[in-house]
Amino acid sequence: METILGIDLGTTNSEVAIIRNGQPYVLPDDDGQPILPSVVGLDAQGKLIVGRAARNQFVLAPERTVISIKRKMGEETRVNLGDQQYTPQEISAMILRTLKQRAEKALGHEVKKAVITVPAFFNEAQRAATREAGELAGLDVVRIINEPTAAVLTYDPHPPEMQRLLVYDLGGGTFDVSIAQVEAGVVEILASHGDTHLGGDDFDQRLLDHVADRFLSEHGIDLRDTPISRSRLLRAVEDAKKALSFEAVVQIEEEFIAEKKGLPLNLKLEVVRAEYEALIEPLLVKTLSCLDQAMEDAQLTANQIQKVVLVGGATRTPFIHRLLQERLGRPVHSEIEPDLAVAMGAAVQGALIAGIDVGPVLVDITPHTLGIEALGEIDGMLTPFYRAPVIERNTPLPATRTESFGTISDGQDQAQIRVFQGESEDTRDDVLVGQFKIEGLAKVEAGNQILIKLALDLNGMLNVTATERLTGLSRHVTIDNALERFRTTERTDAIDRLDALFGTPEDEQFEDQEYGDDEDRILPPSAYQVLGAVASEEANGTPEQRQAVQFGQSLISKAEQCLPEANPEDASELKALLTDLRKAVEKRATAEIHKIGTEVEDILFYMKDN
Amino acid sequence: MNDPYEVLGIATDADEAAIRQRYLELVRQFPPDRAPERFTAIRAAFDELRDPARRIQNLILRPSRTTTLDALTHDLHARLRTARLPLDTLLALADRS
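Residue numbers (the working numbering), protein chains in the order written: chain B, -12 to 597; chain S, 2 to 98.
I should point out that these hints are in silico values taken from the structure, not numbers from a laboratory. Beta carbons: idealized from backbone N, C-alpha and C, even for Gly. One thing to keep in mind: the hints can contain errors.
[As the list claims (entries may be wrong)] If you want the ones that stay clear, here's a sample from chain S, every Cβ over 10 Å from chain B, calculated: (1) Asp16; (2) Gln22; (3) Glu26; (4) Arg29; (5) Asp34.
[Unchecked claim] Some but not every residue of chain B turned toward chain S, in silico, with C-beta under 10 Å: (6) Asn8; (7) Gly9; (8) Pro146; (9) Pro147; (10) Glu170; (11) Ala171; (12) Leu339; (13) Ala341; (14) Val348; (15) Val350; (16) Asp351; (17) Leu384; (18) Asp444; (19) Leu564; (20) Leu565.
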């Protein structure tokens, strides 16, 4: 039976689990440690190190070490590692690849597939970036599942009576709360809420600021100013935070942490638990309001919850137990391993996909509302930034909804379709997921109906179709943010760089990875285009042809946008290529489209760089 | 729009527990990842019926196969005479007000 790994890719720690003898089992490293710190670094010789060694060197070499990369997933940003810059996906891929190697060593054979968990509250871009990290690590990501959902999967799906669980998942960098209903082999998620930038890291930060402020007023030196004293302080407050889960008072002591007038300064400070609790209370109040929201969405009251499950290392904080007990009026359970439950649940999901066992059927939801920007009223004021909801939050997946919109002006022959994710009625406060234009609409009076269909699948992939009711004219796009940004050429480069760092020669599986035709994968040719892809829904031809046509047409529109900025030489070459490309698209000549398309892409890529 | 009772394959006087049991049974048979379209239809039907107010609406205004207004009116009259509302549905509705 094929092995599908379950991977918890956490902010501070990551784990990999498999199913062994019917039970989920987290694989330890050579030293017997199940937890891999999510830290990536280069050692003094420039060799890549991942895990504990990297975490240990962070104190002394913060410039060669990357921590908490998960908080940057989905952002268009780069981080420095030595003299190179990497995307968050690449750094995450290094962690994933280390876990993959660990599993292969333990199992004695190659593993290609994985289920990776993400915070339930991750948006589309963050999910896509995670999937991408998996692909870069040489893994076929068969499913992305939500962390709290994974934790629920470790429970018996056949309780004697229907059971409702509230999962409070506070990790290193993210917070989720999910409410699950388990009955007769079906696990249904009723509601999820959360904050993708709230976790144990923020507790550390608060404590760090508290200590640094005290030191500053005492000695006039800010320990946050130099990277090394900052990283030493961070390590010290992390330890203090952990100790405060068991002790009422801790001493933070660091010798020679700074220098003043040639004299070394020592840090010595006592922190009382109550003091620490006051520091983190505002953060915990935020988690409680998320909890209230989830309860309201699920239309439940505290007495309808049978079990409160705590997941994530940060839930070891006694203060959290106390607050939750007060709020929910019942004791909380942390009987499952808070650090390992998520990876174990991911392995259960993997086994279910591989068909190992007829376990629970999972019904998960989308925690964010998806909508279309339109003219509408917010607080009685007419605005073009109104977000008309199409798929409401907490809708079970897969979800397909269609809403009807109308043109605003007479003779309007095109419309810009902008898709947003978030809970605000004002699109300016939501996240733009993607946009495209439908052109060539019939020139009729205002109110020409455009039907917009959003289809969100289990992995959070979104398909958007806009159809003019009058003529049946339609435009269809698949939206995947991270991939649009991360072009194929860059992807190949990234894999090469990763290979080089891992010291493996031109590797085995990546070639066929790139051109495999696995349906789950969201790789080229259709994946890296989002905007303005044009293909009639009933377009005939094979799927490859349709993809090629979409690919070609999106390139044409992209190239046309770039034309005015091109220098004369590029412009004429681009125009010539576009003429050929249009012909190829018309003929639906798949190979030709790809051949010319690649040339066009190269020019566009080159132009962007200059 | 399909008749939710037909999609779930249950009688119109099924009570809440029966509707849920049938829903769970069908979800196990057609899980979201293996039968996404079927699941979506089952779920939509379940959502129609699990809310007492919507269930009553459904019973009274069940989608009709007739198209003319006269036929529709006739159909509706006939149905209002015969449609039996389950007791728990009525009670649940009373609870809400």
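message: Check the structure against each numbered hint from earlier and tell me which ones fail, lowest number first.
response: Violated: hints 2, 3, 4, 5, 6, 7, 8, 9, 13, 19, 20.
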